Every structure is written in C-alpha cells, then in structure tokens.
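Letter by letter, the chains look like this.
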Amino acid sequence: NAGVTQTPKFRVLKTGQSMTLLCAQDMNHEYMYWYRQDPGMGLRLIHYSVGEGTTAKGEVPDGYNVSRLKKQNFLLGLESAAPSQTSVYFCASRLRGMSNQPQHFGDGTRLSIL
Amino acid sequence: TQLLEQSPQFLSIQEGENLTVYCNSSSVFSSLQWYRQEPGEGPVLLVTVVTGGEVKKLKRLTFQFGDARKDSSLHITAAQPGDTGLYLCAGGNNDYKLSFGAGTTVTVRA
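Protein sequence lines correspond, in order, to chains F and P. Position 48 of the first sequence, counting from 1, maps to 522 under my numbering, and the rest follow consecutively. Position 78 of the second sequence, counting from 1, maps to 192 under my numbering, and the rest follow consecutively.
It cannot be assumed that every hint is accurate.
Facing chain F, from chain P, some residues (calculated, C-beta under 7 Å) [what the hints assert, rightly or not]:
(1) Gly130
(2) Tyr136
(3) Ser141
(4) Ser145
(5) Glu152
(6) Pro153
(7) Val161
(8) Val164
(9) Gly166
(10) Gly167
(11) Gly206
(12) Tyr210
(13) Gly217
(14) Thr219
Read the hints as simulated data drawn from the structure, not as lab findings. Model, not experiment: these values are computed from the prediction. Cβ atoms here follow ideal geometry from the backbone N, Cα and C, with glycine treated the same way.
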C-alpha cells in the first residue's frame, strides 16, 4: 500500500534550471496539495487541486506551476529555479469533503538550488 | 504571518516527564488537527477535534480544543523517546485548505 509517493527524493539544481516534481497517490483521493517546509515556518501551501484538470493558488504560488492531468498525479514545476526555492517539498492528498478529513503526506523532496 | 501560533518552538525533556504544547489563533476554526512528523518523513495525522471544549485521548496523548475553537493543546504524560518529533497543528474551515502552525520540536531524552 504505497499511499503518496514523491519523486525524486533529493535534487540539486543550479540557479535558472527547471525541473518537475512528481506526486502520485493510489488512494483515489480527489484533493491534492503541494507544500514547502522551511525551518521555523511550518508547512506553506503552494498550489492545490480539487479534481482532475483543476488547480488553484495557495499561500506562496510565485515561481511555481502545477498540473493535474490525471486524478492520481499532481506535478509541481519550477521554470527558473532560484536559491529562495531551496526547501523541502511535500505533497499531500485527501478525500473530498470537509476540511476535517485527514491529509496523507509523502516523504518529501529535498531540493537545493545553488 | 502564521494564522496559528505554536509554543514553545522547542522542548527538551527527560523520559518520564510530562509536557504540553500549545496552538493559538485569533481566528475561529471549524476543526483542528494535530500531526507528528519524524525526520525524513511526512507528517502523520494524530487526531482531529471539531467541537469546542472537546477532549480526545490517544494512549498517553491528550488533545483539547478550546471552547471558542481558537486554540488547542497537546499534553503528553510520561513522555518516551518514541514521542520525539515535530508536532504540527492545523486549522480548517470547511473549505479545501488547512492552515498549519510552525510546529514544536519535542526531544525526549532517555
């Protein structure tokens, strides 16, 4: 039972490079989320999706794009990486419904931008 | 600006001691969740509280939701090294999103 799987687990980029982080869930969840976690700042929402083909901005969306072409996958893209985007990125998913539904998280992608 | 403020930021105690972590806000939430995160892993849900004044127990962990649904606390009795981790509170308001606190890092020394 995989749950939420994130790839890659680690990545080092140079400033200006682009990359895509992949999140896959096998729980048939409708809602999916991308967060970044920085020391002392908790989890901040980047973008989220409430269904296939739909995406919305979260708290810190600048510099990121997302796509949800299939229900089970949620992609996070960095078009031109900047050192300020060095962080740990977490994907989460949950069932539709009220916000008291639990979010299920992947184990994160550790991204360093040099 | 964090909607949810957690205190303390760090807590280090000896095995067998008790501890309390606080989560406060000026906003009302319809539900409050507590997650625990271990190094190298994602957060895992511990509990959800939805009613003002609600108290839930999970073995040695006791969770309370404030009467006004603006604050919550997590109390651990007789802490063990396995309780070590980052504790995050998160508030929801019947929409798609959660607002997370910055977390409390708990270290229990053997």
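### Query
Failing hints, ascending?
1, 2, 3, 5, 6, 7, 9, 10, 14
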